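*Asks:* Residue strings, one per chain:
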Amino acid sequence: MLENFVETRGLVRTFGKKNDVVKALDGVSISIREGEIFGLLGPNGAGKTTIIKILTTLLLPTSGEAYVGGFSVVKEANKVRNIINLVSGGETPGYGILTVSENLWFFSQLYGLPSSVAKEKIKRLTVDLDFKKYATTRMAKLSTGFKQRMSLARGLLNDPKMLFLDEPTLGLDVLTAKRLRTYVIDWAKREKKGTVLLTTHYMAEADEMCDRVAIINNGKILACDSPTALKENLKATPIAKIDVSSIQADFSFIQKMRGVVGCSETRSIQTGVTSLKVMAQNEKVFSDIMSKLNEEKLKVLSINETEPTLEDVYIRLVGKGFEQAEEKANA
Amino acid sequence: MAVSTILKAVKQAIWVGWKVETNWADPLVFAIYYLIRPLAGLLIVGFIYLIGSGATGVFNPNYFAFMFIGNSFFIYVVQIMTTMGMLIHDDRSHYEVLKHIYLAPSSLWWYILGRALNGVVNASISLLLTLGFGVAIFQGLLHQQIPINWFSVNFPVLALSLVLGMICFVALGFLLCGINIMTSRVQFMLSEYVSGILYLFGGVVFLPEILPSWGQAISNALPITYFLRTIRFAFLNQAGSAFQTDLLYLAVTTLATILVGVGAFKIAMYKARKDGLIDRKEEY
Amino acid sequence: MLDNLVLNLRVAYARLWVRVKGGNREPEWLVAEMFIPVLTLSAYVFMYRMLHAPPEFTGFVVIGGTMIAFWVNVLWNMSAQFYWEKETGNLEIYLVAPISRMAILLGMALGGFVNTTLRAVAILAAGILIFQVPFSLSEPVTALLMFFLTIVALYALGMLFASLFLLYGREAWHTANLFQEPVYFLSGSYFPTSSLPFFLQLLASFIPLTFGLDGIRQVVILNKGIADVWLNVLVLVVFIFVLLPLSKVALNYMENLGKKEGRLTLRWQ
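Protein chains in written order, with my numbering: chain A, 1 to 331; chain B, 1 to 284; chain C, 1 to 269.
No lab work stands behind these hints: they were computed from the structure.
Warning: the hint list may mix true and false statements.
Computed list of chain C residues with no C-beta within reach of chain B, every gap over 10 Å [to be verified]: (1) Asp3; (2) Leu124; (3) Ser195.
In silico lysine-lysine, DSSO-like type, Cα no more than 30 Å apart, as pairs [what the hints assert, rightly or not]: (4) Lys274/B with Lys141/A; (5) Lys161/A with Lys224/C; (6) Lys260/C with Lys17/A.
Model, not experiment: these values are computed from the prediction.
The C-beta atom is built at its ideal place from N, Cα and C for all residues, glycine as well.
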């Protein structure tokens, strides 16, 4: 048994040419143990999908090394392909004119499954993932949620030793997302069928599913540990959630205040409230923030100390929340 | 509805069509659709004439001119049918803008008309290019005589035929839109069916008189037959041609096409609203 | 080694199955693909009749119209296919599977051939029934050989195009459009190319369909034999031996280039 089922060393990937080079990965080194669910958590554009593409042999690294199941993804790509599968959120490979079962049978043939075995497996997966009644429905007629169930079933057809899930619950309703998460956890942990690398920008998803999480930003791994340990490290840092009755105000001044470690903001149009999550060196900083908000004539609705979440870990490391990081990247 | 609103909607639709379909920004892509494809079609019929005539030893330049004009002006049918035949699918399922256009005060009618007019503009560009290159190749390079005096074209007749023809083809296009709104099962092939039938029975590259009697009956009922006859009259100045009668038939068949096309579209829109088809997205 | 072969044969069969199943599920498509070509073909037959050309020209048109079905299939369902596969996310799945991409291409080609043969037979039958084509065939084996070589050469060309367009988006679509009618013209789908000017014949000689059509017509309509069409056979064999390995090289090269440049799964280009 390999200790590390996946290993990358100093992975670098750049895109573009000469004057317009973007560094998507900047020396990424991660190790994933066999049987573990490993999460890559970061905002859009952090480099999560690039890592998955390299590990699934879809993209070559500019430099560095990467191994899956002990095989080099560059030199032994076909051996890697024998033991992996990939499920990406927001897309459903397949042929719209064929039924769900027909599509799944086709994909099973890409792994050489005898037809009888494939059909049996398809039957079981459609039952387990709760979409048996759509087995004979044309794929084009499925809703997003059922398409994603089909996609996950496809990813499990070859019993992969390593399953890559790239934002698997993107755009799904809460119940379907929960159903898929539970299934993957059972598959990897209870049935011990394989190792999982999951990319997500949903904190709760990473928290719920992953044994270990690597936080990635601008192509660099900033921290890597179990969600509990990552949050534990924040115990010494006081965190407060401050609700302010304005969604128009500019709160960037908080970031610049002395003693503030990081701040994220979530503006709710429905309630007209901005929730600020502020991490500080000590609790006195919060009174300074309150005074400053008063000075700015901003009405504070509530202030509560909170338990750290994975988002706080990110804020601690980057200084701002996902939304702000994505806004900046999009700008 | 204010005339200015309608004009604005038509203008915008022409502009959208031009941007979406023409690819004028890429010269190669523009050339593929506006010159190379139609020119290849003209070369095929031109060489069928040359090779077929060579086999019998009888060359009839008047027939060459007949076929040359017929095939070239058929571009209008192809272009308008393609534009209008794909419009509902593209805007409903691909770009997903149909419902918004439907909701806008200027109405879907004027938008479709604008897109169709863009098809007319595109076809005209394509026609001029094809005629120019066609003459250069057949007359210039292959020394095939084309008995057309390009300086004595009967422009009033040409203009009148073109106006009536365009109205007729656009009305036919509305029929296609109506069918496509109600069912998505034939949307990718409908325009090809219509173009194919009109090409075979419309006297485009041969005289309908050599068709079997039932084929001639179909031909006589089609406006394209009279459209091409009047167009040819404008170019070839054939003495004794019953051009007034053809023009009258063109007007009558155009009127019938308008009634059928517009009527079908109106019924289709009513049914679409009743059955919730206006924003039904089809996936393939 | 054997396992690998079995796996790839399974893949080719599965891709063929998808194509045949998908291609014939909608009767509207099937009918359209049989009926619409007959309309165009009929117009050209009437043109020859108008010119009082000998009856074998009718046969030329019917054979040409039939074979064009394969060219259309090669263009739209082979050359531009990876563009669609990329848009739907299927390409990514092929690329992470432990299979030869050539197996996918082979399956697409075989499936396309089966589907198109069904349509081509209908077009041919309609042409024969409507226009009483004067067939004159004394060497059916030569005719079959010509047909077989033409098809293999055509689909090999399709595989090469598919490989070359692996990285391209809409360009593949435009190129398919660019090649459609001009190849109808250059390959002499509706007339014998021997009457084309020299420079056009030169251009036409780069298209396998030109030699295939000419050979089939000579054998089936003009009652010629292998002694008359051996050059066509030879040229088609050369096409096959050049195009097939070239498509594999091109596929590997483009896949590798795509992985380097990160364009392999990039959509909406």
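*Asks:* State for each hint whether it applies.
*Replies:* Status of the hints after comparison with the structure:
no.	hint	verdict
1	Asp3	holds (35 Å)
2	Leu124	holds (18 Å)
3	Ser195	violated (5 Å)
4	Lys274/B with Lys141/A	holds (22 Å)
5	Lys161/A with Lys224/C	violated (61 Å)
6	Lys260/C with Lys17/A	holds (12 Å)
Comparing the model with each earlier hint shows violations of hints 3, 5; every other hint is respected.
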